[in-house]
Amino acid sequence: MANRRQFLKLSTIGIGGMTVGLGACKYIDDFTEIKNNPDELTINLTRTPTYCEVCFWKCAGWVYKTKDGHIWKIIGNDEDQHSNGRFCPRGTGGVGMYYDEDRLKTPLIRTGKRGEFKFREASWDEALDLVAENMKKISAEHGAECIALLTHGSGGKFFGDTLKAFGSTNIAAPSYAQCRGPREVAFTNTFGEGIGSPERTDIRDTKCLVLIGSHLGENMHNGQVQEMSAAIDKGATIITVDPRFSVAAGKSKYWLPIKPATDLALLLAWIHVIIYEEWYDKRYVEKYTFGFDYLKEHVRTMTPEWAYGKTTIQPDIIRKTAKEMANASPAVIIHPGRHVTWYGDDTQRLRAVAILNALLGSWGRRGGFYAPSKLSVPSYPHPEFPKPARTWRDAFPGKYNLADETLASGVCDATIPSIDRSCNFKMWIVNGTNLINTLPDTAKTLEAIDALDFIVVVDTMPMEIVSYADVVLPECTYLERYDAIRVSPHRKPAIALRMPAVEPKYNTKPAWWIAKQLAEKLGLGHFVPYDNIEEMLNWQLKEVGSSLEEMQKIGVKTYEREWDDLYFTENEDVEFFTNTGKIELYSSSFVEQGFDAMPNYTEHPQPPEGFYRLNYGRAPMHTFSRTANNANLTDLMEENVLWVNPKVASLWNLENAQPVWLINQDGIVSSFPIKVRITERIRWDSVYMVHGFGHAQKQLTRCYGKGASDTQLISNVMEDPIMGGTGMRGNFVSFLTEKPEEAIL
Amino acid sequence: MRYAMAIDTKKCVGCSDCVIACQTENNVPIGYCRDWIVEVTDGTYPQLEMEIRSERCNHCDNSPCVRCCPTGASHIVEGGIVLVTPNECIGCGACIASCPYDARYPHPDGHVDKCTFCVHRVEKGQQPACVGVCPTNCLYFGDLDDPKSEVSEILKTRKYKTLIPQAGTEPQLYFLI
Amino acid sequence: MREEIITSGRMNPKIDPYLNIWHWEIPIYLFLGGLAAGILFFAAFYTINGKEKDFPTAIEKTPLIVPFLLVIGLISLFLDLHHKLYFWRLYTTIRLESPMSWGAWVLMIVTPLSFIWAAIHLKKVFPSFKWPFPWLDIIEEFFIKYKKVIAWAMIISSLILGMYTGILLSAFNARPLWNTSILGPLFLVSGLSTGAAMNILFAKTHLEKKTFSTIDLALIGVELFLIVHLFMGLLASTQVQIDAASLFLGGSYTAAFWVLVVLMGMVIPAILEILELWKFKIPLFVPALLVIFGGILLRFIITFAGQTSRWLY
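Chains A, F and C supply the protein sequences, listed in that same order.
Position in the first sequence (from 1) plus 5 gives the number in my numbering.
Position in the second sequence (from 1) plus 88 gives the number in my numbering.
Position in the third sequence (from 1) plus 821 gives the number in my numbering.
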């Protein structure tokens, strides 16, 4: 760098003689050339395609390496619709997953008690033999269906196939019953189709975006945040309903600081106003919907004044915001949210959201909800999977018929022995989901684990769940492996490839390899009839007009839509996949199942004196507990803090950054203290923390004991009778300023 | 040529992607950063306002850090970018004390470090790493002397402010408000 | 309420939550520089005025410690550097706008002068002292011949050095407490005051003791005036300066500054010196030590408090 500039910067002439040893300086200058010059790093770069595994958005990008083969950075792929070439902070920091020295390094077999984290190292052969042996044993004694796979992440596909080949279809992801399930059921039973992921919201072109408890921007769902920003640029109106002044609320024209647990009253009042003021899309409602008259009668008394008493939102604000939505119609989105398992009537609340969208004609319209398109990629040919004798549904006769995916919490319930059930789950395969911090009511989860004959955990990190495993199988990170082709719905069909940027560190293996080995050990090798994943991927890619070689170069391939359009055309006749073939404002299938055809408001308990509602959410730099130990991301946020309104703080004499322990309504005390953040951004009847912290696993050296775990304090679960969702926002906490005896520290 | 950056506080969600993108791009050691996010909330619940700013070196026209540097390690290059030459820096800390924005920090290797506007990328016609990664597209970078540059265009149409203009540093980060 | 926080996890203890880049090294360096300047000033002043006979302590004895003071000061400065191996970069350029550069170069001049001055007075203080090599005697003779010239160089450079210790801080616009031109004169006067106190400590004759006690008294008067002026200036300025002043007017540095620096380091020694002038029997080493002690604390407190003073966004 020095030679680019004048070496000596004498400000005056004539004092030059005082400077000493010029020649020597120059010599030393070259000698001590500082090496961290980014210019050098860009020489001889190689880049390999991947799609991100830090969250479920699965953005496609490039992994750049330095000339000595170290991963340098991860950058978005410009062709990718999920990221548009821009990764979110977690994706950018994904490299920290690879470098984490706390990673699981080799297969482990339990030697101590479950939960103690006492293991001995084992070879892959030995560990997998043990798994296969137990699977066979359980299959012989109880049936293969008594084995469940709980998974979140790309590896699930491979383990799922092995399990299906073995004879069980009980494959559950907590992302359903603990997260987005209610909205899928609500929308499916209204429009005949769910929302899916990435969401089919046309935020980019919307004129009015209504967020109900959804904190876009803090939940860094990349594409959606990008589109929200684009909508702000175009002058869209944002209406945010949230008891907390979220980041999105800060960008909103209207922020409705609602009393927690009363959202449904607000939604019904909006529906009332839009119907009775005749602001709804009349042609659309007439042409496409079923049950408008029922609905009109149903909401007759649900006026803004009625809702005011419940929500504390002024009636004129309810009318004004309804008018804003109507003015923007059909380019309006009442956003269905993503994590919506709140109060146990969530499916009905999301039904109200769906109905509101239907009234405003936003489904299938520009600026509302588009019709996503997904490429059909055939599976590698294999024999048909056997049909299982039973499924998880048999454990819940007559219940959850509308649930369209397996309930992780249901699997957990059906693991605990009960006289009502003829059999229960005997073995879990857990892949990439830390159930201890994912499922609410930790005590129940532990009871279920205790009842298991065998538990296998496949993970990259020594999460809490790992300590309960009988066998631990260390997966390599997404940067070190191939995975299935990413085929996700979007405006245009597209595929993306993940390939290893580097060799797996330690004695870790990719999921496909582990699942294939396991299948072979179970004598099911013919279900995975390929030698290696490259062969399988190449076959699949050839089927869709590409090849592994091409995808390694481009990473993402986008196709043209084949048959339908993004939006309904003018006066298009549309057949919806519902009983009536129409958008069901009045749900016929809910009636069939014995539920309310149209949503009704129910009161939910409010916090007792001295307690505050525990609200939780996301931070843009973390994905739940998955990233809590990632050095790059803990650098941005190393712990969660407890948001407390200044009024509450002064009542309790709390100070900023003061550590407090939390005790919930059932007397459960947080294992670790959490620091107070006094902020006006939170209502006086609630507290707020970011989910995913308060890890009690010592092996997670960076995040152990940092912050508090909300999951631990969620012991009151309000179950959604319609689809089994676990409502988690009815928990109340109080502060303990002194260290309680039960705490771990 | 006069490089400058505009930051749209109306779009920024404070995700900190600019921070981590800078850290990986420039090999900033963990525990240090060249840019950061400031969140300001004003008012009383529920009458609240929030501003989120992605901040970094202001690459001031009248840079106190360059003036107070005893060795000339801190200097200004083409386009007004303020840089530090590590092997001329003695790590005396004067420039760190001189910066009203606290944009400089001592690198663990000893020299002082700061935002470079990713000059190594800009020289090649690329955008700084933070601008290139920002998911909300809230960062604009370019040449103020070129009236057609993105940053010039946005400053023509939007209200903006600079930070501590009264310090007389003539900062070149423009916050759109 | 206004809440302003950094949310991207920046927690660099050198700059967060407030500047913390300079620790004990810089105030020690500033104090020793000021003290050395004070001692050299008086030595040069009485030499130029031809008072060698009356002020042997000030001219011959006390300056013997100056090379040590400066070396310790330079070591402190060196210890403060984070990139130590590159310290020589200071001497490859002259930056007129940089107080650090001024300081480096002034020390480059003052330090050899102080060595020469000490060397040519060694034999007077220690009559038995002999140079090991005869050529050193020749050099010594040469310098003694030009003693007045050296004294002139010394008086100018010591004034610059004394002033510079304050200007180093006052040049920082970013730290409102420091950013006042009073700091240069204040540190210069404080340096002279500590120099005078040092002479009191070493003085044997009543004349020297009394003279330096009187000088010190006058200097303390000037210091107090400058301090009042400092606060008048800050309080009459903008909010950031008012905030800076309030660090000492009810803020976290109030007690330390007013009790330890002003009362113990200035007012009490001044009273004692006045009493001495009024013929009370006061052991003069008490006020002298208090002045030196106050001088050290002044540098520490101003350096630390200044780092916590900042601009408002």
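Keep in mind the hints are simulated off the structure, nothing from the lab.
Be a bit skeptical, because a hint or two may be false.
Unchecked claim - For lysine to aspartate or glutamate, the following EDC-like pairs were computed, each having C-alpha atoms within a straight-line distance of at most 16 Å: (1) C/Lys835 <-> F/Glu139; (2) F/Lys98 <-> A/Glu223; (3) A/Lys258 <-> F/Glu166; (4) C/Lys905 <-> F/Asp231; (5) A/Lys142 <-> A/Asp458.
Here's how the hints hold up against the structure:
no.: 1; hint: C/Lys835 <-> F/Glu139; verdict: violated, 26 Å
no.: 2; hint: F/Lys98 <-> A/Glu223; verdict: holds, 15 Å
no.: 3; hint: A/Lys258 <-> F/Glu166; verdict: violated, 42 Å
no.: 4; hint: C/Lys905 <-> F/Asp231; verdict: violated, 37 Å
no.: 5; hint: A/Lys142 <-> A/Asp458; verdict: holds, 10 Å
In summary, the structure is inconsistent with hints 1, 3 and 4 from the numbered list given earlier, while agreeing with the others.
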